[in-house]
Each structure stands twice: as structure tokens, then as C-alpha cells.
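As a plain string of letters, each chain reads:
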Amino acid sequence: MATTSPDIATGRLAPDQYAANFSDIHPPLGDHEALVEADRCYFCYDAPCVKACPTSIDIPLFIRQILTGNPIGSAETILSQNILGGMCARVCPTETLCEEACVREEAEGKPVKIGLLQRYATDVLMDETGEQPFPRAAATGKRVAVVGGGPAGLSAAHRLAMHGHDVVIYDAREKAGGLNEYGIAAYKAPDGFAQAEVEFVLSIGGITVEHGKALGRDIALSELSQAYDAVFLGMGLAGVNALALDGEDLPGAMDAVGYIADLRQAADLSTLPVGGRVVVIGGGMTAVDVAVQSKRLGAKEVTMVYRRGPEKMGASRYEQELAATNGVVIRHYAKPARLLVENGHVAGVEFEETAEREGRLIGTGATFTLPADMVFKAIGQTLVPAALNSSAAAIVLEGGKIRVDDERRTSLPGVWAGGDCAATGEDLTVAAVADGRIAAESIHRALSA
Amino acid sequence: MANLASNFVGIKSPNPFWLASAPPTDKAYNVVRAFKEGWGGVVWKTLGTDPPVVNVSGPRYGAIHAGDRRLIGLNNIELITDRPLEINLREIKEVKRDWPDRALVVSLMVPCEEHYWKDILAKVEDTGCDGVELNFGCPHGMSERGMGAAVGQVPEYVEMVTRWCKQHTRMPVIVKLTPNISDVRQPARAAHRGGADAVSLINTVNSIIGVDIDTFSPLPSIDGKGSHGGYCGPAVKPIALNMTAEIARDRETRGLPISGIGGITTWRDAVEFMALGAGNVQVCTAAMTYGFRIVKDMITGLSEYMDRHGFTSVDEITGRAVGNVTDWQYLNLNYVAKAKIDQDLCIKCGRCHIACEDTSHQAITAMVDGKRHFEVIDAECVGCNLCVNVCPVENCITMEEMVGGVDPRTGIAVTGDYANWTTHPNNPMAKPAVVVEPAE
Chain D
1 MATTSPDIAT GRLAPDQYAA NFSDIHPPLG DHEALVEADR CYFCYDAPCV
51 KACPTSIDIP LFIRQILTGN PIGSAETILS QNILGGMCAR VCPTETLCEE
101 ACVREEAEGK PVKIGLLQRY ATDVLMDETG EQPFPRAAAT GKRVAVVGGG
151 PAGLSAAHRL AMHGHDVVIY DAREKAGGLN EYGIAAYKAP DGFAQAEVEF
201 VLSIGGITVE HGKALGRDIA LSELSQAYDA VFLGMGLAGV NALALDGEDL
251 PGAMDAVGYI ADLRQAADLS TLPVGGRVVV IGGGMTAVDV AVQSKRLGAK
301 EVTMVYRRGP EKMGASRYEQ ELAATNGVVI RHYAKPARLL VENGHVAGVE
351 FEETAEREGR LIGTGATFTL PADMVFKAIG QTLVPAALNS SAAAIVLEGG
401 KIRVDDERRT SLPGVWAGGD CAATGEDLTV AAVADGRIAA ESIHRALSA
Chain V
1001 MANLASNFVG IKSPNPFWLA SAPPTDKAYN VVRAFKEGWG GVVWKTLGTD
1051 PPVVNVSGPR YGAIHAGDRR LIGLNNIELI TDRPLEINLR EIKEVKRDWP
1101 DRALVVSLMV PCEEHYWKDI LAKVEDTGCD GVELNFGCPH GMSERGMGAA
1151 VGQVPEYVEM VTRWCKQHTR MPVIVKLTPN ISDVRQPARA AHRGGADAVS
1201 LINTVNSIIG VDIDTFSPLP SIDGKGSHGG YCGPAVKPIA LNMTAEIARD
1251 RETRGLPISG IGGITTWRDA VEFMALGAGN VQVCTAAMTY GFRIVKDMIT
1301 GLSEYMDRHG FTSVDEITGR AVGNVTDWQY LNLNYVAKAK IDQDLCIKCG
1351 RCHIACEDTS HQAITAMVDG KRHFEVIDAE CVGCNLCVNV CPVENCITME
1401 EMVGGVDPRT GIAVTGDYAN WTTHPNNPMA KPAVVVEPAE
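Going down the list, the sequences are from chains D and V. Quick note on numbering: the first sequence equals residues 1 to 449 in my numbering. Quick note on numbering: the second sequence equals residues 1001 to 1440 in my numbering.
With the rest of the complex left out, here is chain D:
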């Protein structure tokens, strides 16, 4: 069983190992590789990859533009639909989106590497010119408040600025970027790409960012509604689901989202403590991100435990394989029953095995125990309705998130929402970007009417 003092330590690795472990997980394509890969695209009619992209990027066109030696044009094709196309190229689960739909997947089981090609084109633009390719329309004199400077908010702000509106982004944190800056795994967007992209988005002009302004704490929705011509809510999910077990507030019981944020902001990863034995509870992207990053920080044993089978996991098959190849053990069909505590510190988790009976999950009564120095909760995040403060009663929620229509309009007049805080489908960066753009177009129509 666990030792009396938990094995939590910093600097488990040789100094140069950190850089290696947290460098680009998918090295970018070189010019030659990009041309060879671009050549594989069939330029499909009504291409399935475009349909599978939440932001509907004209993928065959941007790939053709790479092929003809027009990478800047290619980047503009991408960014015209998805201003965060650079980040999406890095973090999109392409294996369940565009690349799953690629006809080459059906033809030979090897889709065109759309994500890497998208990264190639956007990198060329960022590296060669770095210039904002989209001009602003003449000023409209309209002002829009955007709550949250994450993917949804940045996307909405950029599109609104393009249309000539003035935008103020209120962001709760020190830096804009949202989960791009604080959430996703470090090896997916190294070298400060998230901030570079924020600067790129803001370079269109007409967007002001108010840092450290959280809805419900520093600003109120009712005030924004009065002060601005329109409001877009894109503040994400601030709440973290609890295990509802005794001891989860004790040292050693960690919230995965907070830990990843610390990791992303750490100037020196060797100063970040990590457990020798790590247990991650959950089966989504965040669970994989925290499990793999723990392993790469030097944890000796990392076990992910998920209550259902692999096909139900929120993490894609690729992500599951990534965890496995990084030495993470994934255990299915078990749910946490009890946190083991020693000397005021979490020392392990007792799990109950589960089974599905007619679609319902039941505990079988059989248990096992995993000793742990750190236990990560990664079982989802939630909207904190209180943050909507006085409006919480009026804005209609659906499944714990803000209900929106096709145009991302909420139940409140003049208030739109998108990204993870809105009930629009999958919680993906690319889906948030789509929400932001769709909402911005709707706002623009409303303000132009």
C-alpha cells in the first residue's frame, strides 16, 4: 500500500528531457512533404471533408493552392472560414472529422493529412508575412461585448471587427486564448503559438481586450446588455465536475484542468510537481492530456480509469492510442467508489467494477484499489450559472449549458453565445470557432437591420 508520505516530486527528468517530451508532437511538414501530400488530394466534388469540418473550410481548394505554390492564398482560404485555423490544425481531432471523411480513407485507409497541410499553409502565412489578410469594413459605430477571449470569443470578435464593429473582449484571465492558452496539451501547441495567434487575430484592429474581467465577478451581463449593441457569451465552462467522494478536497486530489493550466503556464516544467503514481479518472480529451503529460513529466505509473468501454470514451481512438504509446494504462468499466487517505493526503482510489445492462451502467460490487500519489479528476466541466448573475433566471439553459438557436442566439434579446458554454454539440476548439463566426454573422445582420 502507499507509503506514509506521498511520492510527489519536481525535476524527475534530466533537464533536456523536458524540452524533448513537450516539443511538437506532430512535426510540421516540410515544403517537399507538403507538396507530396497535397498531391494526394482528389479535389472531390462537394467534398466530404468540408462537410465534416465544423467550420466548413474549403479543404480541397486550400490543398490545391498549396500544390500550385500558392500557400498564402491557401492560408487565406482556411482563415476566411476559421481565423484560428493555425491552432485547429494542431489540436483538431482530424481523425474523427475531416480525415475520417476523406475519400482516401475509404480508398486505402490513409486519408490525406489535412491537419498537417492546414498547419503548413497557416505557418507559411504566419512566418512569411504574419499580416492580417482581412481588411476591416468601414466603421459602423456599433459596439459589441464579447465575454471570454477563447476560441469562440476570438472568432466572434474577429468577424465582428471585419464587419466594422468595435469589440471589447472581457477575459477572466491574464492572457487571452482560453483553452488554447491554458487547456490543451503543451506538446500540441508549443513555442507560444497560442499567444502568437491571439496577436494575429487582434491585429485586424477594432478589438480591445479587458483582462482579468470575469462575468459575475467583475462584470454583469445586464450591464453589458445596456452598454453594448450586442453581447456574445463565450466564457467556456468554469466549473469542474466533482467526484462526490469524501476526501476530494485533500492534497493529492487534483483537478486536471487546473493542473494543465499550471503546466501550460510553467516557465520551467522541472519545477512542476508530479506524482510517482498517478490515477486519472475520466475518459475524455482532458483525461488523456493530463495522463500523457504526467507521464512525460516523469510519473512512473499512470492509470486512466473510465467507467465505460473504449468506444464510449470522449477521447478519440487516436488519443487513446497516444495514451497507450506513452505508457498510460487505460482501465475500462470501473468507477471510483472511495478515496483512500493517509496522513491527510490522498493515497489511492478504490474502484468498483461496472457493467452495462440494457444500456444502463451498473456497479457489479467487485472492487479493486489503485494506490496513487496524485489523483486527477477529469470527468467534465460545467457552466457556472451563477456567473450569469441576475440574468441566470432569464437565460434559458439546456443540459446545463446556454440554449442557442442555429444562429447562436440565446433566449435573451441581444445576447448570443457559443463555444463550450453553449449547447451546440461537441466541445472542440473548431466547434467554438464555428460558433463564434456564426454568431458574429448573426449579430452583424441584426445590427445592420
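Just so you know, these hints were derived from the structure itself, not from any lab. Incorrect hints may appear among the rest.
[Said to hold, decoys possible] Label pairs and their in silico Cβ distance ranges:
hint, chain 1, residue 1, chain 2, residue 2, range
1, D, E108, V, N1007, 42 to 50 Å
2, D, H32, V, D1223, 22 to 30 Å
3, V, Q1343, D, A9, 56 to 64 Å
4, D, G30, V, I1222, 42 to 50 Å
5, D, G30, V, E1144, 41 to 49 Å
[Said to hold, decoys possible] Cβ-to-Cβ under 10 Å is the rule here; a few derived chain D residues that face chain V:
hint, residue
6, D39
7, Y42
8, Y45
9, D46
10, E105
11, A107
12, K110
13, Y228
14, R338
15, V341
[To be verified] A short list of chain V residues far from chain D (calculated; beta carbon distances all over 10 Å):
hint, residue
16, R1069
17, T1215
18, D1315
Predicted model, so just to flag it, every value in this text is computed and none were measured. All C-beta atoms, glycine included, are put in the ideal place defined by N, C-alpha and C.
Fit chain V to the supplied structure of chain D, relying on the hints for placement.
Okay, now just chain V, sitting in the frame of chain D:
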């Protein structure tokens, strides 16, 4: 293993694959390497008079590429051999002595005066080589000096020089034709009249391979300037096939041996040229792209093919398709074919649909019952074959002949009877009733 032995106008070689007169056959070193890999013969790079020509010291070649930089067309501004005649003759003699079973033909190009030809023929004959090929084809450089294509474009000159050569040598004379002419049958007939043992074709096609769109120099660029060059490689194959067939089915030149040249890259290409009348084939660009080793596949591929068809001699392939080349007016207008998409092979790229929808006959669906589904609408399909050509999956779309029934597009019964344009009611020149297939 079929017997690939070839006897082309009395010149024997272990297989019908020769290297064409070009850079790969400029020196003994290259030719010996080719023979070691198994090439049946070579046509030595064109000899001229001394002092030898000089070549540019900048780029001589330009190329166009298909996907993945696969070279499909090459152009060059290289001239005939730039080595002294004496050295070439000595090497030819040595190589022929060392490789007696291989064909060694020497390409020639000298000014259009009889004594030049008489003189060089005597020297070449002394090497013991198997024959000569008259280079009436090079479209660049030499043509400015009244040689090469400048001769090949004037049938009277072709006939005259051929006649001189036949008078002054006992060796077989092959006349190499230029494609840079409106009717290739004219110089072929002229060569025939002059007594040529054979023609070889095609030489390269006059071309500018490209333009540097930053410096605006034609390519290949010599100090910012470019000149037209000779185009060859897979891209010219269809032009060469047609010219081969035109000569093979012409009343005057029918039966005149043809050495097929033009983009031959595989044994399949070779079989096509032979089927259209070539007795053997010559290769250059494929060797320049991949090296001499490709001949191994050519040899085994041809052998397998011959075994499959029960051919015991390469001569059995020669001309097999010539009778099937006809004029458009004799094509059977009652033949009806419809495209058919194999749904199991279809990867749903939709290229057939958009090609048909945008540019042809709106005969392929994109959506059926709300699902992405590509299917031919027989009532619209004219059988044009465009969908087959643009489909990325081999054999996914095929053209199926209609046998019996009614063509849903025209409402006309498919009877299987032959009828062509010469008797069609829409033809103002239609001849009454009797249907005549051309004799050739």
C-alpha cells in the same frame, strides 16, 4: 519465357528494345552499360562532320511533371554529338566487336550535299555497324543550319538524301521522321520512294517547355534567353502512336518497316506501338528518367504478355491493331455504350459527377435519396468516357456496351447493325444505302 528475338530490316537483336539516338548513346561508356542491362540495340547518337558542333554549357533540358514530380515530358536543346568523328567511329567499332549480338545502328546528319553523305557512309560502314538512321528530325539548332527537321519537312529532300544513302552503302537505311509537319505520310512516302529500308518515328516535337514567370525567360534558360527545343517523353506518345498508324495504314507505305519512338516507358507502350505497325521500338526519355535498368521489366513484361497471348514471335504483334484504325466516318454510329459505376469500388470523390455536370451531359447523380451516391443516368449518358478518365480508381467506372434493348437516351432500338456517317441521313454527302468498310 517467350522468344523476344527481333529481326528488323535484317538487323538482329535479342529483343526489340533499342535505345534511341540521343544522349544515352553518345559514348561507348553509356552504350556498354546499356548492353549490360540487356538492351537489344542502340542507335548511336547522331554523327556529323568535323569539326564537331558545340553545345551550350547551361541547361539543355526542361521538363513538365505530373503529380509527385513524375516526369511526363522532357525537352532538350542539345545538338548532335559534340565529340570528334574519329573518336565516335573508333568506339562504335569496339562496341560492335565486343557486343556482336546487339544491334548497333548509327545515326547520321550531315549537310544536304551528296559528297558529305557518301563520305561519312564509307567511314561508318567501316565500323562494322548494322545500319544507319538518317536524322531528318531534330527540330532545334541543326535545323537552323539546314539539317535535321529542315530536311525532314521537305519530302523532296527526304527522298533525295535517302536515295544517295541507298546508293552509297550496302547497310540498311532507316529514315527518322520529324513530327513537326502537317502530314507525316508525305515524308514517309518520300523515304519509301527513295528506297528507305524503314522509317523511325517520331523525333521530338518543337516546343517551349515553360517560362520562368519571375524572370520571364523561356525554359530552359541560357543567360536569360531560351530557344525552342525538342519535346519527348510519355506526353508525346499519343502523337507518335497516331503517326505510326497513319504510315502503317497508308496505301503507299503499308508494309514499310517502322521503328516506333515516342514516350515508350513500359513494355505496354511497346506493345501498343508494335500493334500499330512498329517492328521494334526505341526508347530514350524513360532511360534518361530511370536509368537503363528499366529494360529488365520491359523484357519480362513483354515475355509474359506474349506467353499469355500465345505469341511465339514479336512479329506476331506487329500490325495487329492497324486494321482497326479507321477514319471517323466509318465508326459504327449504332454502337451504344453506357458508363457504369461499380458501387463497391466507388470512393465517392464525386469527380465523375462534377465533370459530367459542369462540362458534359448531366448524366451522373450526386445525391440519391438524400445520400451521397454517384450513379449513371442512362437516359442522359452519351457514353463519352469522360467519367472513366477522371475517376481515380481503376476499373471503378467502365463503359458497358448495350446489346439489344432500347437506348433510353435516344429511344432507338439497339440492333447491333453497323451503320456509319457515310449513310447517315444527317450527312448531306450521304451515299445511298450500300455500306462500305474501307479496304485498309
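How the hints compare with the structure:
1. D:E108 <-> V:N1007: 42 to 50 Å: holds, 45 Å
2. D:H32 <-> V:D1223: 22 to 30 Å: Cβ of D:H32 to Cβ of V:D1223: about 29 Å, so the range 22 to 30 Å holds.
3. V:Q1343 <-> D:A9: 56 to 64 Å: holds, 60 Å
4. D:G30 <-> V:I1222: 42 to 50 Å: violated, 31 Å
5. D:G30 <-> V:E1144: 41 to 49 Å: Roughly 44 Å apart at Cβ, these two residues keep to the hinted range, so it holds.
6. D39: holds, 4 Å
7. Y42: holds, 5 Å
8. Y45: Holds, because the Cβ-Cβ distance from D:Y45 to chain V comes to roughly 3 Å (cut-off 10 Å).
9. D46: With Cβ-Cβ at 6 Å, under 10 Å, it holds.
10. E105: Interface hint status for D:E105: holds (9 Å vs cutoff 10 Å).
11. A107: holds, 4 Å
12. K110: Since chain V brings no Cβ nearer than about 12 Å to D:K110, farther than 10 Å, the hint is violated.
13. Y228: Constraint on D:Y228 not satisfied, violated at 42 Å.
14. R338: Result: violated, 50 Å to nearest chain V Cβ.
15. V341: Status violated, d = 56 Å.
16. R1069: violated, 8 Å
17. T1215: holds, 16 Å
18. D1315: Holds: least Cβ distance 41 Å, greater than 10 Å.
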